[in-house]
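> So the protein sequences, as listed, match chains A and B.
Residue numbering for the first sequence follows the working numbering, beginning at 1 and increasing consecutively.
Residue numbering for the second sequence follows the working numbering, beginning at 1 and increasing consecutively.
One thing to keep in mind: the hints can contain errors.
Calculated cross-link-like contacts (lysine to aspartate or glutamate; reagent style EDC-like; alpha-carbon spacing at most 20 Å) [unchecked claim]: (1) B:346 / A:144; (2) A:59 / B:240; (3) A:239 / A:221; (4) A:188 / A:219; (5) A:131 / A:189; (6) A:59 / A:79; (7) A:229 / A:219; (8) A:59 / B:249; (9) A:131 / A:147.
Derived from the structure by calculation, the hints contain no laboratory data.
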Amino acid sequence: MNGAALNTTDLSVGYHGRKRTALLRGLNLNLRPRRLTCLIGQNGVGKSTLIRTLAGLQKPVGGAVSIHGADLELVPPAERARLVSIVLPGADHYGNLKCEQIVQLGRLPYANWLGQLSLHDRKIAADSLEKIGASAFVGRRFAELSDGERQKILVARALAQQTPILILDEPTAFLDWTNRLEMLILLKEIAFREEKSILLSSHDLDLVMRFADDLWVIDDDRAVFSGTKTEVLESGVLKNAFSGKYLRYLEDSRAS
Amino acid sequence: MASNRDDSRSLQYPRRWVWIVLGAALVLCWLADLFLGSVRIPFQDVIRALSGAEGLSNNWGVIIRDYRLPKSIAAMFSGAALSVAGLQMQTLFRNSLADPFILGISSGGNLGAAIVILVGAGGSFQFLGKFSAIGNLNLIAAASLGASAVFILVMTLSRRVHATTLLITGVLVSYIVNAFVRVLVQYASPDAVQAYLSWTFGSFAGVTRERLTVFVPVVSLALLLSALTIKPLNALLLGELHARSVGIDPSRSRRLIILVASILTGAVTAYCGIIGFIGIAVPHLCRSLFADSDHMVLLPGCILVGACVALIADMISQVFGGAFLLPLNSVTALIGGPVILFVILKKRNLSREFDA
């Protein structure tokens with residue numbers, strides 16, 4: 001297990017319709033603490049499906065996901081919520097909540113049966129907002145924020161959940177360049193400082209190449225390669241990803 | 001918009017005041033409902049009758065204790081029940097048009113009532129005869145039975161199908177029931193049709209003191225159970241996947257929410273007939289009032305506001321005296337509609353609730 005917080009054994013992910021369809025098969029992946037791992041691949045290649053499966057929101061089609069050695073499917077939902085937190089794209093919300101209320105929803109796994117939070121929980125929620133640089137949003141309505149600001153709030157919500165594993169699906173999709181950089185620097189810092197394993201998916205290879213410690217590449221044939229950034233660059237796996245659009249990275253790495 | 005800015009400032013008001021005002025409003029509405037009616041009774045005598053004094057003139061004690069008091073209690077509990085059920089349905093289905101009847105539970109009640117009244121299985125119908133209680137027992141039993149049948153169907157389905165499918169099922173069930181009822185109406189006597197129509201108008205007056213002993217505990221229990229739905233409802237605000245990620249089992253929560261809402265709706269339908277509008281409007285009114293989507297606030301808010309609105313509707317329905325009882329259903333929508341529409345439009349924060 002080489003100290004991985006999350007690992008998969010022969011995992012297949014896909015759809016559970018009338019027929020089980022596997023998008024990605026035979027995955028043996030390790031998510032290591034204190035590292036920022038980036039999942040890259042073209043749109044529609046199965047990134048989101050993989051992410052939902054790793055977060056325990058969807059059952060694997062085959063194989064297993066384990067967190068600290070325990071099969072995720074057997075972990076009760078309340079306990080799972082203290083192990084993995086997620087940020088999903090699209091800021092899917094409903095309701096008239098203030099930013100701090102959204103972040104406080106991240107403390108629900110720790111709340112009592114009524115969903116009431118202790119002062120301690122509120123403090124943690126406030127700290128998460130501060131960590132993400134969004135303390136100024138307190139008192140503002142989530143619905144009135146821009147997409148980028150909402151994204152920050154949703155990341156703060158996931159941080160408030162205080163899980164060793166944080167998984168983000170396209171966290172930079174709605175952000176401008178500065179905010180993207182800021183978000184990735186922040187995530188990298190948090191991974192290191194709080195010893196979290198952070199996985200984020202992206203199709204923004206420029207950004208990923210700057211910040212990722214580890215890379216999981218899903219190539220155009222849905223083969224998955226994982227390794228450190230150097231390993232990925234040296235393997236040449238990017239040749240068959242993104243329809244070859246990012247080949248120049250291979251040249252860059254050779255030149256340097 | 002300028003008005004939105006004002007709203008956010010009005011949020012600064014301490015929320016405790018809202019609760020105190022709502023509590024006071026409920027007590028006032030309740031006393032007013034006891035005071036108003038076809039027979040004019042001085043206020044002191046109303047209080048005296050409540051405290052159990054005997055020997056009041058003109059049967060006033062009987063009117064207050066056996067008619068107006070049970071009716072007002074039925075109104076309060078029905079209003080609270082329908083509002084909470086409406087709130088739960090709106091959040092569960094993420095649909096601002098959802099109401100307590102959306103699952104088809106009340107259609108089941110409707111079917112039971114229609115069969116009893118129109119086919120006459122329950123014997124002579126005496127719904128408007130307020131003091132003769134015998135005929136109604138069968139009606140309530142039949143309506144409960146019908147509501148339970150649909151309830152069992154919905155609960156069985158809710159294990160297997162998607163939430164949206166449940167919505168469609170509810171709508172289809174009500175279409176089927178309505179079609180069947182129309183067939184019954186076609187062949188029923190005019191008296192029976194008239195009686196059935198009165199039932200669909202809804203009334204709190206049919207709930208006598210003896211019936212309260214069943215109605216109140218059932219509704220109270222369901223309202224207590226609804227406290228368990230606060231946490232999942234809040235989690236569901238961020239969508240099913242996020243709810244799952246904070247440790248809520250969406251399918252289990254859905255069954256709990258449907259269970260509670262069905263008991264609330266079924267009980268009210270069986271005892272008071274179909275009372276529309278309250279269940280859809282009061283949750284929106286509360287959202288505007290509190291400018292919040294936290295169910296920890298909305299749920300108790302709906303209980304208080306719903307009880308007030310039902311009491312007011314009951315008062316208005318008999319404001320012209322006994323001979324001109326207005327149908328409760330019409331009152332709730334005719335009077336309540338514009339008022340609540342005004343509040344919501346003035347606050348203009350409703351659109352925020354449902355924007356994705």
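> Each hint needs a verdict: does it hold in this structure or not?
Hints, one by one, checked against the model:
1. For a cut-off of 20 Å, the pair hint linking residue 346 of chain B to residue 144 of chain A stands: about 19 Å separates their Cα positions.
2. Taking the CA atoms of residue 59 of chain A and residue 240 of chain B, the gap is about 15 Å. The hint holds against a cut of 20 Å.
3. Using a Cα cut-off of 20 Å, the hinted pair residue 239 of chain A and residue 221 of chain A holds, with the two alpha carbons roughly 11 Å apart.
4. As the CA atoms of residue 188 of chain A and residue 219 of chain A are separated by approximately 24 Å, the hinted pair breaks the 20 Å bound.
5. A hinted pair counts as satisfied when its Cα atoms are at most 20 Å apart, and residue 131 of chain A with residue 189 of chain A qualifies at roughly 10 Å.
6. Pair hint residue 59 of chain A plus residue 79 of chain A holds up; C-alpha atoms about 17 Å apart against a cutoff of 20 Å.
7. Of the supplied pair hints, the one linking residue 229 of chain A and residue 219 of chain A holds, its CA atoms being roughly 15 Å apart against a limit of 20 Å.
8. The hinted pair formed by residue 59 of chain A and residue 249 of chain B meets the criterion: a straight-line CA distance of about 14 Å does not exceed 20 Å.
9. Straight-line distance between C-alpha atoms of residue 131 of chain A and residue 147 of chain A comes to about 19 Å, which keeps the hinted pair within the 20 Å bound.
Consistency note: the structure conflicts with earlier hint 4 alone.
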